[in-house]
Amino acid sequence: MLQVPFIRENKDAVVARLAIRNLDAKPLIEEVLVLDEKRRSIQAELDGVLAESNKISKDIGALYKSGKADEANALKTKTGELKEQSKTLGDLLNETADALTQLLYKIPNVPNEKVPAGNSDADNVETFREGDFPILHENAKPHWELVKDYNIIDFELGNKITGAGFPVYIGKGARLQRALIAYFLDKNTKAGYTEYQLPHLINEASGIGTGQLPDKEGQMYHVTEDNLYLIPTAEVPGTNLFRDTLLNESDLPITITGYTPCFRREAGSYGAHVRGLNRLHQFDKVEIIRVEHPENSYKALDGMVAHIQGILKELELPYRILTLCGGDVTFASALTYDFEVFSTAQEKWLEVSSVSNFETFQANRLKLRFKNSDGKNELAHTLNGSSLALPRILASILENYQTPEGIKVPKVLVPYCGFEMIN
RNA sequence: GGAGAAAUGGCAGAGUGGUCGAAUGCGGCAGUCUUGAAAACUGUUGAGGGUCACACCUCCGGGGGUUCGAAUCCCUCUUUCUCCGCCA
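The numbering used here numbers the first residue of the first sequence as -17 and each following residue consecutively.
Watch out, some of these pointers could steer you wrong.
[As the list claims (entries may be wrong)] The calculated EDC-like cross-link candidates involving lysine to aspartate or glutamate, where the alpha carbons are at most 20 Å apart (straight line), are:
#, residue 1, residue 2
1, 88, 18
2, 295, 168
3, 88, 19
4, 295, 333
5, 40, 29
[Said to hold, decoys possible] Cβ-Cβ distance ranges computed for the label pairs, FRET-style:
#, residue 1, residue 2, range
6, 277, 32, 31 to 41 Å
7, 141, 356, 55 to 65 Å
8, 358, 146, 44 to 54 Å
9, 44, 15, 37 to 47 Å
10, 168, 277, 27 to 37 Å
11, -12, 47, 16 to 26 Å
12, 115, 388, 12 to 22 Å
13, 136, 13, 35 to 45 Å
14, 121, 197, 45 to 55 Å
15, 57, 12, 41 to 51 Å
16, 36, 333, 57 to 67 Å
Calculated directly from the structure, the hints in this document are not laboratory data.
Glycine is no exception: its CB is placed at the ideal position from the N, C-alpha and C atoms.
Construct all of the structure, not just a fragment, from the sequences and the given hints.
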């Protein structure tokens, strides 16, 4: 969430920047300022009452000590009234502060200057493209047919056990998936990221910390019995490692990577674009997460982009990078780049990574701070990105690497797989 | 699941009703010394709100209560530790 002092000092700029998201934030921002003003004036009034009551209590203590019990008892009657007042004011203060917080939860992050205007994913701007589209043989098939031919992924079995969107990986399909995970983790750790194994269930506080809660509750699987949620991405447990944390400046940057399954309800998604591996309720992903000094965060974002480019180049998949427009950039992000690979048999670009700088938006909720060189506590910047999401990478490998004799395994993966061909 | 103990500043750890936002140690920062560093010594150092700056207010795991007054007493929740049971 945005910081109130920041809103107070940059009111017009905040409204103007949020307009890039096609959001008329003016009424929201006005309300924030009114509530903030109200909160502060109630606070001041309450402080005065408490100060007086504290003073009387001290006097009473002193009177008892010097044996003047009568005078002390006389003073006691006075505090009753003050107590009433402070209770009323305290309730009012809480109410106002809660209302302010709820309002702040509704305001998305201020987009970076690089975010282009636009309404939907159609308006995202392609900023880079690399790699040639492979020329496929005549009988080339989409991956959902290939996986049947070679019996490496079974969607029907998943339907039986769980439901749509929970595929079962078999034999070389399972092995290829595991190879990709190992390869991604190796690339990330070689680039300096520390590998973590993270919980796959998170509590409510964690959901609030990274912004899934309270608004996007319906997108996560909720275990009501224990009030826990299945993670939609490793970003949630990974970033929440640093909730309520005060770091030293020298601790920065913090760079972690982790493989986790991801669970998404995807309520409202249906149709051809969810075919096969394109959109699942459970999928695997390797994530990279960084906690950065505000001065370095955009350089770090560029570094993450370059890192992911390196992986896609090694896999020899044609890819492009999009700068997400105001209408598509996620709630908490200030700037997001999406990576898409071209899946040849479907003739479709598939999103395989999303790399974002959240600036202080998450850190403010998380209370993730560091002590800066002036000795002041300052909010850190958080960033994350997929490196990479498995199913769509798998889909594009299967489609792009198919030959009449079978599916070739990309060169870098052969040592991880132990075979060169799926046939 | 049952029984007991505990939760205090960046960390460790004192503190059982007023003089406690809190001893002490470590760590951090500044200085002395040194060519430089280390060591030693000296000083300084919790967080949030509020103010031009002070004042002032809040915070000792979370929530509630007793009291004129709570880190300290009571209730409750959460977490951790020990013992017992169960278990991959």
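**Asked** Among all the numbered hints in the text so far, which are the ones the structure does not match?
**Response** 11, 13
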